[in-house]
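Line order of the protein sequences matches chains A and B. Taking the numbering used here, the leading residue of the first sequence gets 1, the next gets one more, and so forth. Taking the numbering used here, the leading residue of the second sequence gets 1, the next gets one more, and so forth.
Hints are computed from structural coordinates only; laboratory data are not their basis. Note that the structure is a prediction, hence the values are computed from the model and not measured. Hints are supplied without guarantee of correctness; some may be wrong.
[What the hints assert, rightly or not] Coverage of chain B stretches by chain A, computed from C-beta distances (three or more under 8 Å per stretch; other residues unrestricted): (1) 41-50; (2) 147-157; (3) 233-239.
[As the list claims (entries may be wrong)] Every beta carbon over 12 Å from chain A, so not counted as near; a handful from chain B, in silico: (4) 59; (5) 70; (6) 96; (7) 101; (8) 185; (9) 211; (10) 251; (11) 283.
[As the list claims (entries may be wrong)] If you want a taste of the chain A side facing chain B, the calculated C-beta under 7 Å gives, among others: (12) 54; (13) 88; (14) 98; (15) 245; (16) 375; (17) 378.
All C-beta atoms in this analysis are idealised placements derived from N, C-alpha and C, irrespective of residue type, glycine included.
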Amino acid sequence: MGCEASDPGRGRSRASLWFTYGGRNREVLEKLVARFNTSQSEHYIEAVYQGDYYEGLAKLRTAIFAKAAPTFSHVVGEVIPYLARAGVLEPMDDYPGYDDFDLVPELGQEKSWVGGDAQPLVALPFNRSTPIAYFNGDLLQREGISPPRTWDELRAVARRLTRSTPPARFGFGCPISWWFWVALVGQAGGQVVEADGRLSLGGAAGVEALRFWQTLVREDRTMRPPPGRDYNAWEQTNQDFLAGRTAMIWTSTAFLKYLEDNAPFRVLAAPLPAHRRHAVPTGGTHWVILKDAPPEQKASAWAFLRFMHEDEQAIFWATSTGYMPVTRRAIRWLEREGYYAKHPNDRVAVDQLSVAQPWPWSTDLFRIDREIVQPRLEAAVLSGSDAQTLMDQARVEAARSE
Amino acid sequence: MRPRHPRDPYWMMLPTAALLAVFFFYPLLFAAYTSLFRWDLLTDPVFVGLANYRVLLESGELGHAFLTTLSFSVVVVAGSMSLGLVLALALNRPGKFPAFVRGAIFSAYVVSWVSVALLWLWVLDPSAGVASNAVRALGGPAVDWLGDPDIALYTLAFVTIWKIAGYSMVLFTAGLQDVPKSLIEAAALDGASSLERFKNVTWPLLRPTTAFVGTTSLILSFQVFDVVRVMTQGGPVRSTTVFVYAIYEQVFMNLRVGRASAEVVVFFLLLLGLTLLQLSTWRGKAKARA
Chain A
1 MGCEASDPGR
11 GRSRASLWFT
21 YGGRNREVLE
31 KLVARFNTSQ
41 SEHYIEAVYQ
51 GDYYEGLAKL
61 RTAIFAKAAP
71 TFSHVVGEVI
81 PYLARAGVLE
91 PMDDYPGYDD
101 FDLVPELGQE
111 KSWVGGDAQP
121 LVALPFNRST
131 PIAYFNGDLL
141 QREGISPPRT
151 WDELRAVARR
161 LTRSTPPARF
171 GFGCPISWWF
181 WVALVGQAGG
191 QVVEADGRLS
201 LGGAAGVEAL
211 RFWQTLVRED
221 RTMRPPPGRD
231 YNAWEQTNQD
241 FLAGRTAMIW
251 TSTAFLKYLE
261 DNAPFRVLAA
271 PLPAHRRHAV
281 PTGGTHWVIL
291 KDAPPEQKAS
301 AWAFLRFMHE
311 DEQAIFWATS
321 TGYMPVTRRA
331 IRWLEREGYY
341 AKHPNDRVAV
351 DQLSVAQPWP
361 WSTDLFRIDR
371 EIVQPRLEAA
381 VLSGSDAQTL
391 MDQARVEAAR
401 SE
Chain B
1 MRPRHPRDPY
11 WMMLPTAALL
21 AVFFFYPLLF
31 AAYTSLFRWD
41 LLTDPVFVGL
51 ANYRVLLESG
61 ELGHAFLTTL
71 SFSVVVVAGS
81 MSLGLVLALA
91 LNRPGKFPAF
101 VRGAIFSAYV
111 VSWVSVALLW
121 LWVLDPSAGV
131 ASNAVRALGG
141 PAVDWLGDPD
151 IALYTLAFVT
161 IWKIAGYSMV
171 LFTAGLQDVP
181 KSLIEAAALD
191 GASSLERFKN
201 VTWPLLRPTT
211 AFVGTTSLIL
221 SFQVFDVVRV
231 MTQGGPVRST
241 TVFVYAIYEQ
251 VFMNLRVGRA
261 SAEVVVFFLL
271 LLGLTLLQLS
281 TWRGKAKARA
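Starting from the given sequences, assemble the full structure and let the hints guide the process.
What follows is the structure in structure tokens.
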């Protein structure tokens, strides 16, 4: 009796889902899972929290090796080509109903990667984001400043918003992280991997991107380098913004609702500024089903994924978190119903998709990020090492990397 | 005492030996084996011989991890031992208050590493933390305790000292209480000052305690991981990438099991070397005394 009461999934086909975010986004996902579980009586999803993206990935990989993997999960885009090559992802091309999803191409596998449509379909967009700029709206209004549209304007605005007398305030904040560096490289006119597959790390644009950060942190002293790495640095950036210690930050659109809800001031979002052009990478994660899961579990996972791509869920997810709606139908609906007119901040990331740059389908990119580029970004910004030398070294090391 | 059957001792050792074999020797041998492969757990391992060791040496990662860990350990061992000794000397007296203070100091040792790290993250926050506010109130410069590559490692060492000083204090207190009062009194009657009594009577008698505290603190500090994981994640600019964290990063973040295994082997040899050195020093001393 007690067992039945505590096991609502009894008699249904169960699938396990490992997910990797906490806080508000976790609550929203858990609501959606509960909604799915009560909406029908055939499938049951067990969602388990597994730490941040990197921790979750580490656990997932270890679990795959130990034959204890969940049915499905969601992972960052950079590792999808690697997992696909390792043959652990279920191709979903032939699953029923995919054609009805009406995915936003820039967010789906098709255009998230160069040549993504030529690969078997292994990834479906889930929480997809771009970096955007957030401002302390009250402060901006008081100072009569509008969001910067170019790097030069950003520098000037950061200088104006920096205050050295207590309570001290930095004009600008941004995690020293590969994702934002890739955004800067794109804006400086470069790309990390060239069209012919050569890893250039942006060439001159890569150096220029790094120097821009160095200027803000070391020369202008208008940008605060947050301590910690990975998601600790991101969290710190948010906290500095909310506490009024930073006037403008770059971070993921994922934090939109969190920042709006917790800031004691009006939050204003804007697209990232341009340098030679506008450019942003996309980020966030994609759904993947693990190949080794039993067929009935995969069917349950797929039923859940279909449910998540229905308008109602796609809209609920996006409007509750700040991630982008992944279907075109959802965007059209939000537009039609006047949601974007009422919530202009939510629109920023969607509009930025027109300048989104696809990632290369590279199995090594995440290692180049973690092992070769990321430590050098920190070295350049925090120790002031020469950007050109660092990037030259990075290219040599990347060529040697296997 | 002679065993009834010559085989008896071996049977009795079997449970421990089996545990050691399963949880220590097998993983170690397996690590030594996988260190010869390029492997990510998911795809088939590729035999690469000693290439993992070569890459680790050539890229400077081994040297960096070793030097970082060593710098950390030297500061932690020296700091926690001297602080522990000073505290033990100050608090080695009867009464409820000294006992309370001893208990309060030791309490840090039993709190989990993660809690301690989170607490100190809050204290050391460069903008809003208690430490930074105190420095600012005294007119000092703004210090980014965890964000400055030149400082971060020593900040972590300080937090570690704060946590484990209570441990060496308790051991030193026990050591002090073993020092026969008659010897101290005799030295006092001979006119030795308190400093001379400490130098010529107490300190030599504390030597076994010192050696024990030194060895355990050294091993403890070489195995540091939690504070690094929580407070700096090996950064900034790898300045806090100590040995165990480097291994963790290789296997779980970079998905390089072979390279991580190579680091495990080197780390094992390093600890083995340290232990042998310590043992031989001990035995040498024991022989000298005999």
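Original post:
Of the numbered hints stated previously, which ones are contradicted by the structure, given in increasing order?
Top reply: As far as the earlier hints go, 4, 10 and 14 are violated by this structure, in ascending order.
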